[in-house]
Amino acid sequence: MANYSTEFCVSLGHCTDAHWTWLNQEYDRTHEAYLPDPATGKQVVNPDYDDDANSFALSKHDGKVVIFSEDASDPEEVANLIQAFLKKFHPTRWVVLQCAFVCDKHRPDGFGGSVCVITAEEQHWQSTNAWADEKVTELQLAADKKL
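If you're matching positions, the sequence shown starts at 1 in this note's numbering and goes up one per residue.
Treat the hints as calculated values from the structure; they're not laboratory data. Values in this document were obtained by computation on a predicted structure and should not be read as measured data. Positions of the beta carbon are idealized from the N, C-alpha and C atoms, including for glycine. Heads up, a few of these hints could be off.
[Claimed, not checked] With a cut-off of at most 25 Å between alpha-carbon atoms, the simulated DMTMM-like pairs for lysine to aspartate or glutamate come out as follows: (1) K88 with D104; (2) K88 with E122; (3) K88 with E76.
[To be verified] Have a look at the derived ranges for each label pair, beta carbon to beta carbon: (4) Y34 with A57: 55 to 65 Å; (5) V66 with E122: 18 to 28 Å; (6) G13 with K105: 32 to 42 Å.
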């Protein structure tokens, strides 16, 4: 059996303590099963908790927030978080999220990647497979000549 995973690490610059607090609250909103009730301070069930949410983590270093994969992370979930961050705090800035698809076995279908250019309004995704297919078509390479 092979284990497939998606790896990424992206840095958000120009982050203040308010940015860090907001990012953590957004992360907790879907990744923590229990949150403190604002009125009582007691732990209550989080209605937005997603038991199937993929794992990623946040860390803060020198005014930058680093978002990185843990286990089987979903880069689309991270892109959505980054886009919400841009909309709220930096509507004219953009971020590039690059992902690696890896496998613990040497299998031809076990490797690749994708990239997403994220703005406050849009996400533009491109996978390595799609890029290769487009390039083969653009260069008019014959399928029967592929090794």
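Assessment of proposed distance window 55 to 65 Å (beta carbons of Y34, A57): Check failed, 19 Å falls outside 55 to 65 Å.
Holds or violated: K88 to E76, with C-alpha atoms at most 25 Å apart: 18 Å, holds
Cβ separation of V66 and E122, checked against the hinted range 18 to 28 Å: 23 Å, holds
25 Å limit on alpha-carbon distance, applied to hinted pair K88 and D104: At roughly 38 Å apart (the allowed maximum being 25 Å), D104 and K88 break the hint.
Restraint status (C-alpha distance of K88 to E122 at most 25 Å): Given pair K88, E122 holds - Cα atoms ~14 Å apart, limit 25 Å.
Assessment of proposed distance window 32 to 42 Å (beta carbons of G13, K105): 37 Å, holds
Hint check: violations occur at hints 1 and 4; the rest are consistent with the structure.
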